[in-house]
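Student: Chains B and C: place on chain A using the hints.
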Amino acid sequence: MELRVENLTVARGGVPVLEGLDFTLSPGQVLILRGPNGSGKTTLLRTLAGLQPPLVGSVSTDPEQITYGAHADGLKATLSVEENLHFWASVHGVADIAPAVDGFNLRGLLERPSANLSAGQKRRLGLARLLVTGRPIWLLDEPTVSLDVASVKLFADAVQRHVAAGGSALIATHIDLGLKADTFDVGPYKADAHRPRDDGSRDSYSGFDEAFQ
Amino acid sequence: MIALLVRDLRLAMRAGGGFGLGLAFFLIVSTLVPFGVGPEAAILSRIAPGILWVGALLACLLSLDRIFQLDFEDGSLDLLATAPIPMEGIVGVKALAHWLVTGLPLTLAAPVLGTLMNLESPGHFWIFITLLIGTPALSMIGAFGAALTVGLKRGGLLLSLLVLPLYIPTLIFGAEAATRGTAGLSASTPLLMMAGITAGSIALLPFAAAAALRVNLR
Amino acid sequence: MSLWEFANPVKFMALSGKVLPWVIGLCAITLIPGMIWGFFFTPEATNFGNSVKIIYIHVPSAMMAINIWVMMLVTSLIWIVRRHHVSVRAAKAAALIGVTMTVIALITGAIWGQPMWGTYWAWDPRLTSFLILFLFYLGYMALWAAIDNPDTAADLTSVLCIVGSVFAVLSRYAVNFWNQGLHQGASLSLDKEEHVSNVYFQPLLLCIAGFILLFLALVLIRTRTELRLVRLHRLDVRERMKDA
Chain A
0 MELRVENLTV ARGGVPVLEG LDFTLSPGQV LILRGPNGSG KTTLLRTLAG LQPPLVGSVS
60 TDPEQITYGA HADGLKATLS VEENLHFWAS VHGVADIAPA VDGFNLRGLL ERPSANLSAG
120 QKRRLGLARL LVTGRPIWLL DEPTVSLDVA SVKLFADAVQ RHVAAGGSAL IATHIDLGLK
180 ADTFDVGPYK ADAHRPRDDG SRDSYSGFDE AFQ
Chain B
0 MIALLVRDLR LAMRAGGGFG LGLAFFLIVS TLVPFGVGPE AAILSRIAPG ILWVGALLAC
60 LLSLDRIFQL DFEDGSLDLL ATAPIPMEGI VGVKALAHWL VTGLPLTLAA PVLGTLMNLE
120 SPGHFWIFIT LLIGTPALSM IGAFGAALTV GLKRGGLLLS LLVLPLYIPT LIFGAEAATR
180 GTAGLSASTP LLMMAGITAG SIALLPFAAA AALRVNLR
Chain C
0 MSLWEFANPV KFMALSGKVL PWVIGLCAIT LIPGMIWGFF FTPEATNFGN SVKIIYIHVP
60 SAMMAINIWV MMLVTSLIWI VRRHHVSVRA AKAAALIGVT MTVIALITGA IWGQPMWGTY
120 WAWDPRLTSF LILFLFYLGY MALWAAIDNP DTAADLTSVL CIVGSVFAVL SRYAVNFWNQ
180 GLHQGASLSL DKEEHVSNVY FQPLLLCIAG FILLFLALVL IRTRTELRLV RLHRLDVRER
240 MKDA
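Residue numbers (numbering that gives the first Met the number 0), protein chains in the order written: chain A, 0 to 212; chain B, 0 to 217; chain C, 0 to 243.
For reference, chain A alone in the conformation it holds in the complex (with noise of 0.2 Å):
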């Protein structure tokens, strides 16, 4: 399943941030997202979930076919390591949780409440969440904060594996990864907020500039 992107804008608040993105990310590719803080990743990436409409151009897949790492993990303190990992995997028709705790070393932690666990071990459990959603296209943002080197090791690893299995990965981080992949830098999308849009770009607010010239 091939993710293509043409001709995208991206706004927070109404406001263009990234605009005139063509990229694809075909099945078996790694794409490294780079930018400085603040550039629109994070925006460009939940965009691409289907959980903000664009400003303008197209995102060619489904959104089935995606799945989001997000900042926060999504985990439920009182419930345990294996209770997180199974509620994701039957939310997304999964019976198997196995692989994803051997591939994210959880074993010894699954009766644990996930509240008494450490920043990096939480993320390990996010990270996991990815193997039991069965998609095959991973957007996450910054997923390496708070894991050691060799948990960096074991989410290489469980990338390697996905693409190699004919998914696909777009990745925000600053960090190599050590990973066969292409980089996309978002730095010349910069969008710029003062230029008059005359590309059929007009955003919905457009008509308020106009108006109080």
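Incorrect hints may have been included.
[Said to hold, decoys possible] Beyond 12 Å from chain B on every Cβ pair, some chain C residues (computed): (1) 70; (2) 112; (3) 120; (4) 132; (5) 156; (6) 157; (7) 159; (8) 208; (9) 220.
[Stated by the list, open to error] With beta-carbon atoms standing in for the labels, derived distance ranges: (10) C:147 / A:178: 37 to 43 Å; (11) C:228 / A:144: 44 to 50 Å; (12) C:99 / B:49: 28 to 34 Å.
Worth flagging that the hints you see were computed from the coordinates, not collected in a lab. This one's a predicted model, so the numbers in the text were calculated from it and none came from an experiment. Beta carbons: idealized from backbone N, C-alpha and C, even for Gly.
Tutor: Structure of chains B and C alone, referenced to chain A:
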């Protein structure tokens, strides 16, 4: 969807889930009213159906902000929104879970509390049946209000302000049906009206609440 | 030339700027003479006394209180369907006027009720409905006030307005039912107004027209202010993004 229901029920039962708080609140309100209006059995038995309805409504209101707020804060709601469950389904399941841990226990407890308030004998049945039909509407309307206020830092008070006016028709028909039934009059008209509100809320409000949630996740 | 062109802020600002002085002028020449005629040049009613003259404020404000909510419902629907900014700003602008009208109707009703029926307040279906309407206005405005992002606020308040309208109508029926159930036939009725003689009725019509024009003028002024506020918010966000 069943997995979501099971998870929500499990979370409610675990420590810090808040299960039972509504019930305790209901008990305290029903105890306070006689202190306020005096212990005469005649007055208490006359106002009992209304007081029980208002008490149940307020107890229901108490836990509304938890319906979506916790999932919003820890990121679960984002992940649920991208999961293969329609948003309307999420709202429906969340409202059902809220009813099972709040509305249903209140309904079961109300006849017992009615005894404290000198409720006349057919009244126990009527307060039970009206709450059984009416509380699902309270949970569903409440879920809509919770969806509207989910992105707000201190949405609790605003949630009450938004939801309480929406509760008025359910309260009027519910309390009226209970009062008439207790007095031995025909209660079928208010009962049917309230059932209509419940059915309409369950059928239509998930769409409005889902729309509000999508806006808040944007 | 379609009606939707006025949904464009440019057209709206230009046109409303031109129309506004005329609306204010027309309002002044209907409302002021209407009030003076009503208060000073109508005969004193034999059985009601002077207090009856409060209808020249009470009736128009009560009518506007309901009609403004209907207008908010329509403009909210237009925002949901066609996403015209002017439309939803007009709804926001109208809410404060609507709640003021509701309060005026309630207060003048209470002042009138005292000499007429010997009580400031009764749980009459009409009075109760207005109290409920007041609560709906409060909730709508509180939701606007609580949300920073103008688009999010517009979407959520519009959904609330639509759902609220359904429940407001339900409340109206519920209240009618509830009051009959409690004190049969003893309810206060305001239907007498509909039979007032022409001497009182003609100035009343003038006052109603004046109130409609007053609302128009106020809603235009406030909508223009709201549009400027949105513009300000947008400039503010842009500047902060440029710095980042």
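Student: Hints the structure violates: just list their numbers, smallest first.
Tutor: Those not satisfied are hints 4, 5, 6, 7 and 11.
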